[in-house]
Amino acid sequence: MSVLLLLEQTLNGLQLGVTLFLIAAGMTLVLGIMNLVNLAHGSLYMLGAFFAASFTQWTGSFALGVVFALAATALVGLVVEQVVMRRLYARDHLDQVLATFGLILFFNELTKIVWGPIALFVDVPAVLSGRVELVPGAPYPVYRLVVLAAGLCVAISLWWLITRTRLGMLIRAGASNREMVGALGVDIDRLYMLVFALGAALAGFAGALAGPLYVVEIGMGDAILIKTFVVIVIGGIGSIRGAFVAALIVGMVDTFGRVVPQAIGLPAAVAEMAIYIVMAGVLFFRPTGLFAARG
Amino acid sequence: MTRDRRLLFIFGLLAIFALLPLVASALDQEFYIGQVRRVLIFAIAAVSLDLILGYAGMVSLGHAAFFGIGAYVVAILHWHADREVLLFGLVPGTTSSFVTIPLAILVAAALAAVIGAICLRTAGIYFIMSTLAFAQMLYFLFVSLRFNDNDRAYGGDDGLRFPGQTHVLGVIDTDNTLAFYYLVLAVLMLVLFFGHRLTRARFGLALEGIRDNERRMRAIGFSTPRYKLVAFVLSGAIAGLAGALLAFHEGYVSPSLMHWTRSGDLIVMVVLGGMGSLFGPVAGAAMFLLLEKFLPDYTEHWMLVFGPILVLVVLFAKRGLIGLVDRRTDETRGRH
Amino acid sequence: MRPVAGTEPLLEIRGLVKRFGGLVATDHLDLSIQPGEIHAVIGPNGAGKTTLIAQLMGEILPDAGTILFDGADVTRMPTSARAQAGLARSFQITQIFPRFTTLENVMLAVQAREAHGIGCWVDARRDATLIEPAREILAEVGLASRADRISGALAHGEQRQLEIAMALATRPRMLLLDEPMAGMGKDEAERMTSLLGALKGRETMLLVEHDMDVVFALADTITVLVYGRAIATGTPDAIRANPDVRAAYLGEDATA
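Chains as they are written, first to last, in the working numbering: chain H, 1 to 295; chain R, 1 to 336; chain V, 1 to 256.
This is chain H alone, in the form it adopts within the complex (with noise of 0.2 Å):
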């Protein structure tokens, strides 16, 4: 594999990586938090892809869409959060499945009806369309470096938040021991819903800036779902540092995985099952993820 090759497929993996990252976020937090596993998480993806292409062409500012695609999926967080989430926080993780698995099918329709059963395709934003040369010879395409730099941007203020501030204090001791944070006088049900909602625009974001790069359709949270999940094993549930490592593998090895298997001699399957078993090999020896917050 030629070294233009590889640079390429590096920022290809970091970029799938932190849109991974900030998926994998918000779930991993709302899980290590509140020990609540939202299924219908990949539904705010998609609807802040959804929103973003809407608001886009409503505005005519990619910037301004991406702003207002945010805004509202984080809206559509609390909403969620307040009239389902809320009741779901002490029941068991089954029935949390079970009602999110509803939700998805209920946003899933939700949204043919609002925007059609077709697929969307949205235009990367003229201003950022261009290639430029990092390395002489090797054209990278703006936009994604845009993507990898907003990606980084809120990891490190998400790092920032965790660890700088009382709220992310919060957010740590409560991923550790619940019960501890109720203790403290803290309002749980504010942070509760405070995390929920920072997990939906995370997760609204990522969607915004994904539609220029993938298709937008009905069933793109479904298929990020697996993969987030796959994130949030091998990095540990309630761990930000653990989201982050693991999503730059999954990234990584989904990318080079549909890459190298074929050049080397693999059959293609390989291709798509390279993520699933370095989770297989990770979970043998740590069953808990490389960095779960949790003892």
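Simulated from the structure, these hints should not be mistaken for laboratory data.
Everything numeric in this text was worked out from a predicted model, so none of it was measured.
The beta-carbon is built from N, C-alpha and C at its ideal position, and this holds for glycine as well.
Be careful, since some hints might not be right.
Listed next, the stretches of chain R that the computed footprint assigns to chain H, with coverage defined by at least 3 CB atoms under 8 Å from CB atoms of chain H [as the list claims (entries may be wrong)]:
no., segment
1, 123-131
2, 260-267
Simulated crosslink set (EDC-like; lysine to aspartate or glutamate; CA at most 16 Å straight-line) [unchecked claim]:
no., chain 1, residue 1, chain 2, residue 2
3, V, K200, V, E114
4, R, K318, H, D92
5, H, K112, R, E300
6, V, K200, V, D220
7, V, K186, V, D213
8, R, K318, H, D95
9, H, K112, H, E8
10, H, K112, H, E217
11, V, K186, V, D211
To spell it out: a stretch of chain V is covered by chain R in this simulated footprint if at least three of its residues, at any positions, have a beta carbon under 8 Å from a beta carbon of chain R; those stretches are [unchecked claim]:
no., segment
12, 88-100
13, 123-137
Once you have looked at the hints, place chains R and V on chain H.
Just chains R and V, lined up with the frame of chain H:
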């Protein structure tokens, strides 16, 4: 009292299933026989899931993988027999159900053993997610299987239609609607009987103990991973059997059988019917599939309604159809 | 029957160490318990008593040291294997099967000590070989009248009795009792004390307890644990008189 009401419900249901084809034939509505037969096949899969979900408390989002692999074993063997090509270059295909069905069960069991061995090392959410991921892995495998880089093997995501007439047990022609129906019903009753004996026996008691308090079970001396693995493999094997029957029923298999949303459907069937009751999931399967078949006739957007209904059922009517029959809150009664 | 000195100890702990990050929960602990002995472990909160039981039972693995049970090294054995070898435990926070009846709870414990197989076609809930021994145990702990109640609905004290019943039902060589009196009112505690007293001599016990009345009434030997270290081991009288113990622990408790 409660026990009698339950028995009445169960026998009533089975009687309906037994008589239905005769009634349908008489009324010239043979289409429904095929529909109900499909319900019975899914009921077998749902019952197998109840064994681990309702009794041992294992939330597996990968059960459809075993269902699907059972179907594919049958389809693949038939395909190879028809093309006269050797499977893996070694094994000749066959259309003999004396080979295909046991093999479907065995392969499903083997797959469950492997997936179980890895996933059961985890607990709680990790278990749910890892079973989900492995099922998806299998789905992707069948979608992207290729012969020599170009030829999609076994149809890829278009699925595989398998050729010609098929005979089960050498005598029952799967095109014969009635005979095949009663065969499927017989299998369901056999599975229910076997499942009932098993769950009433010490093994079933232990599984329920694991669901109630696994930590305590270990402290009194039960090797819980072993119990869970055995239950997982048994349940996978029966799902494989159901898959094989589905292959005969449809004459067609596709990777979507193994998609994780299919696993979700199965869980819904179990919970709708009443988990941990073994017979409830039969009713649950009926309700789910019949809704799925006939609601779209009323509104194209039935999912918009079904989704929230599911949420409401989970929040307020958790014990399912069997729960409606039971209506028991008596504390001194003891469990059945 | 008093513990016979000079015989092989049933349980022997040598140099047991357990750290959680910077915290040393078990600090080079040595302990040995003779067959038939009731050995109490007392100490202030945070002394590492529950951690000790967790290590003895295999729920936590020690960082260093050995645990010998009946001569065999069980240090790294899985919990269920230790239970099969004859160690039984009762939990500080009640761990029963809340959806089962009281009788069924004990039946499960009885079932645990028999062969584990899949082939049994007998209805377990009507199996006399499980029911009879379970009823006997329930009678022994005084829960016979509660046999058919759902265990989740029992009073707290009754649930604690059930804890003991389940431990006894596995016919153990040794009992590890983690604060059996936890959360009990005066009457309940008296009943539990006489129950345990009736077992004295028959059962070898490691008893972790805060209630000093119970400890001094039942124990043959007492070990005082402070910050994971055994600061004194001896007969109840010796411990009562020990100045280090008074300073570290008994001074807080006016009941001694």
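Now the hints, each set against the structure:
1. Against chain H, the segment 123-131 of chain R contributes 7 residues with a C-beta closer than 8 Å to a partner C-beta. That satisfies the three-residue criterion, and the hint holds.
2. Note: the segment 260-267 of chain R has 4 residues with beta-carbon separation from chain H under 8 Å; the three-residue rule is met and the coverage holds.
3. A C-alpha spacing of about 26 Å is found between K200 of chain V and E114 of chain V, which places the hinted pair above 16 Å, so the restraint is violated.
4. For a cut-off of 16 Å, the pair hint linking K318 of chain R to D92 of chain H stands: about 12 Å separates their Cα positions.
5. Pair hint K112 of chain H plus E300 of chain R holds up; C-alpha atoms about 11 Å apart against a cutoff of 16 Å.
6. Taking the CA atoms of K200 of chain V and D220 of chain V, the gap is near 9 Å; set against the 16 Å cutoff, the hint holds.
7. Between K186 of chain V and D213 of chain V, the direct Cα distance comes to roughly 11 Å. Compliance with the 16 Å bound is thereby established for this hinted pair.
8. Using a Cα cut-off of 16 Å, the hinted pair K318 of chain R and D95 of chain H holds, with the two alpha carbons roughly 8 Å apart.
9. Taking the CA atoms of K112 of chain H and E8 of chain H, the gap is about 35 Å. The hint is violated against a cut of 16 Å.
10. In summary, the hint linking K112 of chain H to E217 of chain H is supported, as the alpha carbons are separated by about 9 Å, within the 16 Å threshold.
11. With a C-alpha separation of about 11 Å, the suggested pairing of K186 of chain V with D211 of chain V holds against the 16 Å cut-off.
12. Only when three residues or more bring their CB closer than 8 Å to a CB of chain R does the claim for the segment 88-100 of chain V stand; here the count is 9, and the claim holds.
13. Counting residues of the segment 123-137 of chain V whose C-beta lies closer than 8 Å to any C-beta of chain R gives 5; at least three are required, and the coverage claim holds.
Hints 3 and 9, counting from the list given before, are not met by this structure.
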